[in-house]
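Sequence lines, in order, name chains A and W.
The working numbering applies: residue 33 is where the first sequence begins, and numbers increase by one.
The working numbering applies: residue 212 is where the second sequence begins, and numbers increase by one.
Note that these hints are calculated values from the structure, not bench results.
Just to be clear, a hint being listed does not mean it is correct.
To be verified - Computed from the model, here is a short list of chain W residues facing chain A with C-beta under 8 Å:
1. I297
2. T299
3. T313
4. T321
5. Q366
6. F413
7. H451
Where is the CB? At the ideal position from N, CA and C, for every residue including glycine.
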Amino acid sequence: MDLKMQHIHIPQWMIQGVTGNFVFFVFLSIFFVIFTSSFCIGNYDISITQVVKIFAAKIFPIQQDWPNSMETVIFKVRMPRILGASLVGSALAMAGTAYQAMFKNPLVSPDILGASSGAGTGAALAIFLSFGIVGIQVMSFTLGLAAVMLAYGISIKIPKDRALALVLTGIIVGTLFSSGTSLLKYLSDPYDELPTITFWLMGSLSTTSSHDVFIVLFPILVGTIMLSISRWQINVMSLSEDEAKSLGVETGKLRFVAIVSSTLVTSASVSISGMVGWVGLLIPHLARMLAGPDFPTLLPISALLGASYLVLVDDIARCAASVEIPLGVLTSIIGAPFFLLLLCRQKGG
Amino acid sequence: MILEVKEAQIRYGNTKALHGASLSLGSGEIVCLLGPNGSGKSTLFKSILGLLPLTKGQVLCNGQNISSWPRTKIAQTIGYIPQSHIPTFQFTAISMVVMGRTAHLRRYATPSAKDIYLAEQAMEKLCISHLKDALYQELSGGQRQLILIARSLAQNPKFLIMDEPTNNLDFGNQVLVLQQIKALAEGGLGVIMASHYPDHAFQYATKVILIKKGKIIGSGTPEHTATETVLNNLYDIPIHIATAYIKDSKNAVKVCVPAAKVPLSSYARMQHGVSYVS
Numbered sequence: 033m034d035l036k037m038q039h040i041h042i043p044q045w046m047i048q049g050v051t052g053n054f055v056f057f058v059f060l061s062i063f064f065v066i067f068t069s070s071f072c073i074g075n076y077d078i079s080i081t082q083v084v085k086i087f088a089a090k091i092f093p094i095q096q097d098w099p100n101s102m103e104t105v106i107f108k109v110r111m112p113r114i115l116g117a118s119l120v121g122s123a124l125a126m127a128g129t130a131y132q133a134m135f136k137n138p139l140v141s142p143d144i145l146g147a148s149s150g151a152g153t154g155a156a157l158a159i160f161l162s163f164g165i166v167g168i169q170v171m172s173f174t175l176g177l178a179a180v181m182l183a184y185g186i187s188i189k190i191p192k193d194r195a196l197a198l199v200l201t202g203i204i205v206g207t208l209f210s211s212g213t214s215l216l217k218y219l220s221d222p223y224d225e226l227p228t229i230t231f232w233l234m235g236s237l238s239t240t241s242s243h244d245v246f247i248v249l250f251p252i253l254v255g256t257i258m259l260s261i262s263r264w265q266i267n268v269m270s271l272s273e274d275e276a277k278s279l280g281v282e283t284g285k286l287r288f289v290a291i292v293s294s295t296l297v298t299s300a301s302v303s304i305s306g307m308v309g310w311v312g313l314l315i316p317h318l319a320r321m322l323a324g325p326d327f328p329t330l331l332p333i334s335a336l337l338g339a340s341y342l343v344l345v346d347d348i349a350r351c352a353a354s355v356e357i358p359l360g361v362l363t364s365i366i367g368a369p370f371f372l373l374l375l376c377r378q379k380g381g
Numbered sequence: 212m213i214l215e216v217k218e219a220q221i222r223y224g225n226t227k228a229l230h231g232a233s234l235s236l237g238s239g240e241i242v243c244l245l246g247p248n249g250s251g252k253s254t255l256f257k258s259i260l261g262l263l264p265l266t267k268g269q270v271l272c273n274g275q276n277i278s279s280w281p282r283t284k285i286a287q288t289i290g291y292i293p294q295s296h297i298p299t300f301q302f303t304a305i306s307m308v309v310m311g312r313t314a315h316l317r318r319y320a321t322p323s324a325k326d327i328y329l330a331e332q333a334m335e336k337l338c339i340s341h342l343k344d345a346l347y348q349e350l351s352g353g354q355r356q357l358i359l360i361a362r363s364l365a366q367n368p369k370f371l372i373m374d375e376p377t378n379n380l381d382f383g384n385q386v387l388v389l390q391q392i393k394a395l396a397e398g399g400l401g402v403i404m405a406s407h408y409p410d411h412a413f414q415y416a417t418k419v420i421l422i423k424k425g426k427i428i429g430s431g432t433p434e435h436t437a438t439e440t441v442l443n444n445l446y447d448i449p450i451h452i453a454t455a456y457i458k459d460s461k462n463a464v465k466v467c468v469p470a471a472k473v474p475l476s477s478y479a480r481m482q483h484g485v486s487y488v489s
């Protein structure tokens, strides 16, 4: 028998698979910790053991040794907010990741492409017309999609520097829709609608009910499934258009699917939280730094990171001051300098 | 298998970028496409791949018109290595190569362990396994070109279109890349590549096609087609073709040498500018 040392070869894909899953589970645990501990945060003191106990009591027969009000705070007050923040955070992060891959442009996001502004105008219009949550969603999706399509449609007419052209047309379209929103504010009833629209535009989850969460769950789920099943194709599309086509991707169809699903999740989240900026730009960047640009790995990590981030920021919004700070204001205050830092640290852009 | 282009015509507005170009490419052949800047080489390639719609004419594979084929079927038949460029995102080399498997995946699938294995095999075949985890953006031009060739190997097409595969490569890397292309053709792949060096046609091609202002002005074996007169006309500069005898070898190779002095009239070619940039 050959006495030479057998070289044990572990295929690289196995190691990569393991590290990919490892990173995923690390982020899943981080999210879980943030999610659970967020139930303890607020004016009403609840300890983490009590939170775990109250949750466990839903499944196992545990003797109730806590007041009913505690359960009400957890399930009726904190639960919808925390779920809402998780949904909105992951939705915006996924939409940003998908837009960036699809447009081969790390500078785009739901905010920059005009999707958020469009969805905002749609929602303001729906509030102006006194529509309910479903009406707000339909309107914000319609105008959000219109805004992205318009920005993209104009940008492909500009032959030079596609990446910059898309950013600029997105900003132009966004401004256009913002002025639409301003007009609606001007026209709206100053005692009832105007404060609703204004406060809602700042971005907040303070009024989120479990009913709202339940209603946006469906479009976010649909968008997420559509993005997930086309995740490999979107990955290939983040090369150049001609390359993706020559590798066998029907880029036209795929682009349509990806734009519709990203805009769907964006507008769904805008319809419950208002304008929460920067998440869709910041989180994909951060996720890409940690997990690399491969879209199938990047998408779930981006979603988890987005959810963790927004739950955390919403915790700050709830408790940092005696009055609640609007969530959108906070994400901008945190997001802008952090993004600047990321840009400066990036090697060669 | 045979890939044929028949009377392909492409029009951008009023300018014709391609005037009825016809060519054929068989398995195991290396066709070298020579032509000055802006002569329509890239346009011709993109029209074969269906990336640019033909105004007239057709592209046939074994007699079947491929314009109605789905993208996956075209990708299983024809591979494409575009002119060198750097993607937006920092993919690892192995990620780039695995993307070659896209055409073989089911519609909503991601690459399986088998696809990754095939990608690794492709890299091994080109002796670049050690670059697997390197970032594609940070590799040298020659290494990047080999990675793209490995990606095409993983794609496993019948024909391969290469747009200036030796662009930006130093002399040594040019030779290495061309040798690999030759080895692939010997394995049965039909290759068509654009080049700026007539020497590449003499040394590696089985057939040469000359294209100028969107028209094919000659095609055939390099020895008989790429003659001094024809090349003079193609590039608008005086060119000599010499036969070089290599020491200790029975082989002689043809080499293309520019004339010692180029007449001022040749500079006229600089004045039209490039009429249709690829």
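Structure-based check of all given hints:
With a least beta-carbon distance of about 10 Å to chain A, the hint placing I297 of chain W at the interface is violated under the 8 Å criterion. Interface restraint check for T299 of chain W: the shortest CB-CB distance to chain A comes to about 4 Å, inside 8 Å, so the restraint holds. Interface hint status for T313 of chain W: upheld, as the beta-carbon distance to the closest one in chain A is roughly 5 Å, under 8 Å. With a cut of 8 Å, the hint placing T321 of chain W at the interface with chain A holds, because the nearest CB-to-CB distance is about 4 Å.
For Q366 of chain W, the interface hint holds, since its Cβ comes within 8 Å of a Cβ in chain A; the closest pair sits about 7 Å apart. Proximity of F413 of chain W to chain A is violated relative to the hint, the smallest CB-CB distance being about 29 Å (cut-off 8 Å). Taking 8 Å as the C-beta cut-off, the interface hint given for H451 of chain W is violated, the closest approach to chain A being about 37 Å.
Violated hints for the displayed structure, listed by number in ascending order: 1, 6, 7.
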